[in-house]
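Asker: Taken in sequence, the protein lines are chains A and B.
The numbering used here numbers the first residue of the first sequence as 39 and each following residue consecutively.
The numbering used here numbers the first residue of the second sequence as -10 and each following residue consecutively.
No wet-lab data here; the hints were simulated from the structure.
Check before you lean on any hint, since a few could be wrong.
Said to hold, decoys possible - Coverage of chain B stretches by chain A, computed from C-beta distances (three or more under 8 Å per stretch; other residues unrestricted):
id, stretch
1, -5 to 3
2, 13 to 19
3, 23 to 32
4, 36 to 46
5, 54 to 66
6, 94 to 102
As the list claims (entries may be wrong) - Derived lysine to any residue pairs resembling SDA-like cross-links, with alpha carbons at most 20 Å apart:
id, chain 1, residue 1, chain 2, residue 2
7, B, 105, A, 272
8, B, 63, A, 228
9, A, 213, B, 81
10, A, 450, A, 413
11, B, 106, A, 450
12, A, 213, B, 14
13, B, 102, A, 587
14, B, 102, A, 224
15, B, 63, A, 212
16, A, 213, B, 85
17, B, 34, A, 212
18, A, 213, B, 59
19, B, 11, A, 228
20, B, 102, B, 14
21, B, 105, A, 218
22, B, 102, A, 440
23, B, 11, A, 43
24, B, 47, A, 79
25, B, 29, A, 353
26, B, 106, A, 353
27, B, 105, A, 353
Here the structure is a predicted model, which means the values were calculated and not measured.
All C-beta atoms in this analysis are idealised placements derived from N, C-alpha and C, irrespective of residue type, glycine included.
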Amino acid sequence: MSIDMAQFHQVFFEESFEGLDTMESGLLDLNTGDVDVDEINMIFRAAHSIKGGSGTFGFTAVSDFTHVMETLLDEMRDGRRLVTQSAVDALLGSVDCLRAMLTAIQDEQAVDTQNVAEHKKVLEVELTRGADSSPVASQESATSEQVSDPVAITAHEANVEGWNISFSPHPNMLKTGNDPVRMFRELAELGELTSTADFLGVPDIHNLEPEECAISWKLHLKGNTAEQDIEEIFSWVEDECDFAIQKIQSTVQSVSPVAETTDSTTTVQPDEQTSKEDKETTAEATKPVASKKPVKDKKETAKPANKSSGSIRVDTTKIDTLINMVGELVITQSMLSLVGEHFEINKLDQLKTGLSQLERHTRELQESVMNIRMLPISFVFSRFPRLVHDLSSKLGKKIELKLVGENTEVDKTVVELLSDPLVHLVRNSLDHGIEMPEDRIAAGKPETGTVILEAYHRGGNIVIEVVDDGKGLNKDKLRAKAIEKGLIDEDAILTDKQTYELIFMPGFSTAEKLTDVSGRGVGMDVVRRNIQSLGGNIEIISELGKGSTISIHLPLTLAILDGQSISVGDERYIVPLGSIIESININEDMVNRIAGKGETFRLRDEFLPIVRMHDIFHVESAKATKLTDGLVVVVEGQGVKCGLFVDDLLGQQQVVIKSLEANYRRVEGISGATILGDGSVALILDIPGLVRLANQ
Amino acid sequence: MTNILAVDDSASMRQMVSFTLKGAGYSVVEAVDGVDALNKAKSEKFDCVVTDVNMPNKDGIALIKDLRTLPDYKFTPLLMLTTESGMDKKQQGKEAGATGWIVKPFNPDQLLKTIKKVIG
Chain A
39 MSIDMAQFHQ
49 VFFEESFEGL
59 DTMESGLLDL
69 NTGDVDVDEI
79 NMIFRAAHSI
89 KGGSGTFGFT
99 AVSDFTHVME
109 TLLDEMRDGR
119 RLVTQSAVDA
129 LLGSVDCLRA
139 MLTAIQDEQA
149 VDTQNVAEHK
159 KVLEVELTRG
169 ADSSPVASQE
179 SATSEQVSDP
189 VAITAHEANV
199 EGWNISFSPH
209 PNMLKTGNDP
219 VRMFRELAEL
229 GELTSTADFL
239 GVPDIHNLEP
249 EECAISWKLH
259 LKGNTAEQDI
269 EEIFSWVEDE
279 CDFAIQKIQS
289 TVQSVSPVAE
299 TTDSTTTVQP
309 DEQTSKEDKE
319 TTAEATKPVA
329 SKKPVKDKKE
339 TAKPANKSSG
349 SIRVDTTKID
359 TLINMVGELV
369 ITQSMLSLVG
379 EHFEINKLDQ
389 LKTGLSQLER
399 HTRELQESVM
409 NIRMLPISFV
419 FSRFPRLVHD
429 LSSKLGKKIE
439 LKLVGENTEV
449 DKTVVELLSD
459 PLVHLVRNSL
469 DHGIEMPEDR
479 IAAGKPETGT
489 VILEAYHRGG
499 NIVIEVVDDG
509 KGLNKDKLRA
519 KAIEKGLIDE
529 DAILTDKQTY
539 ELIFMPGFST
549 AEKLTDVSGR
559 GVGMDVVRRN
569 IQSLGGNIEI
579 ISELGKGSTI
589 SIHLPLTLAI
599 LDGQSISVGD
609 ERYIVPLGSI
619 IESININEDM
629 VNRIAGKGET
639 FRLRDEFLPI
649 VRMHDIFHVE
659 SAKATKLTDG
669 LVVVVEGQGV
679 KCGLFVDDLL
689 GQQQVVIKSL
699 EANYRRVEGI
709 SGATILGDGS
719 VALILDIPGL
729 VRLANQ
Chain B
-10 MTNILAVDDS
0 ASMRQMVSFT
10 LKGAGYSVVE
20 AVDGVDALNK
30 AKSEKFDCVV
40 TDVNMPNKDG
50 IALIKDLRTL
60 PDYKFTPLLM
70 LTTESGMDKK
80 QQGKEAGATG
90 WIVKPFNPDQ
100 LLKTIKKVIG
């Protein structure tokens, strides 16, 4: 039977990367000098799984490497070795190395064997450091011992006519699920088998324990069979039977005494040989990379590996809900078809009930399907402990990272695209926000700075905050910088908010010296652009000397939107519900017209521009052209408010977003399209774009 | 049909075992750890259990120990999948009541051979 192992590779890679993340966060949580067995166990298990899988799927370079890590972890777990910073660092380095190896294999690229050899060396140096209990040495000796055995066995093999085997199971052998008949059947496959059962040990019927084995056997196996093949059959029950094997040779001369061969050390399984090779390679590895290794790697990469197929791991409860929901839907469907079959008017109530059920189930089904795409934000957050650990030691700062709301769920696409902007923000906080320990003490703050990464849901949005208790933004400095860079006029009047917003302008950098940690000021505007492309926005609040908070607001999902449909003439548009503040009827007193700058209306204390939808989208069938005839929908996008002048408000509904760009082209003020219940197409408004459009 | 329970916390190994056995005509149920496996074993009778050793929640050795206390699994073949070629894990497994072991890395053929061996 041949099975294409490549089909399991994708899953293997996914779980291995997950395992590496577990190892990484576990290692970061380890305290020097401490032996936290649970934590180490968890790390060990992850390494162990990667080793097992990579061995099975033929990635020997990976399993060899993991073996060394595992040995080190095993000693820590047993308490034979203390957790030292250097060991943790070596292991963290290996995690990176392993990640690179797996990535390379997955992408069918060559593995950087130089890098692997270096990391392996670091690990081995670490291993030899605890030399008093060096397991490497003991393994080596064990290996050489075992290796000599098959050689010895083959030497005996000539002229074997057959074997006499005496086999007396201990009473409890059956209770391990081992069946003598099974073993005899296997023996019979090796040669002609004759067996004689000995019932002498069987007690009389009154004392008989049916679950115990009281019979013993004398077996005779004809033919030139290798001793190890016979022993392998009995290897599982070694300790649960008396077993003796005697060679029948054509030359009478060397009948070996039975006891000698039953010695447990001579038992060799084919399986064990494989793992022996494994050990040998490890033992060998103290030498610089063996020359055969790159060849092996090439072989691995030559195999067609599944390219990232955009798969997703889903909690089984979510699938169960989905299945449940489909079941309900099927029931409703059958009920409806029953009603429809011989429809009479008195069944109208039944039909209505059925339809409302159908509606509810469809909505629930939709929600559950959307839910499948939702991943906990911990997928993004989990990389930060390592980042903060590495960066803070590089910067010489003391920083504690707190993660809050890691289980907050967000759409997979958002998760993937959020990672880079967040890294940038956290780096900024570490580099520019948190002060050096001595500065903090001088400022009367705790020596260790805190960075909080928090996620939570608010309305239809997910909010992610990066909070630090560092030095905060200096408004005067920001302003001076912006003037110096020519980003604003010298006499520009800016609110606090607008001043902070300056850091999002292209080409702005506040650090006097550029560091390699947070780049050179090209970042923040890119961050903002990325967030905006996800349909979100970013804000910063800061207090000098106290710290800064950067908040990112993002829609929960990019595929579905809660929308308010509005009508302008014959056209329908969808306004994202999250951007609507209120809808009002206005009267002429509220309206101001400014020559050349359009219309505004006063809403309480604010003057907001009016955007006439029928003008912007050239809808000639618009019913309301006088402001008093229609409605004004007050919307907010990226901190700017305006009033959309429309004919009427229709219903609220969830709409599935279809890309306009993919099917037509980009249109300013429109973020996409959707298909309504009656089959007609409605355009989804892009509020910030619309505001921009209105201002032109 | 012969019913086998495949227990492993690693999805790729579990799938590989399950796929191989299903391909050979066995009926296979998967479990992700010892606790999951024990629950499944209680609600359905399996003719053979193949379990990984190193697992969260309940490891393979504890699982075997628990299974052996159930009347239905007194004589059932219970196999461990283990990377530890050293005797200590095997010994612990045997003491818990394991029938035998399959040493990782193994290929589908080796797995099938061993399964055939215990359930005929």
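Asker: Any of the earlier hints contradicted here, and which numbers?
Answerer: Failing hints, ascending: 2, 3, 8, 11, 12, 13, 19, 22, 26 and 27.
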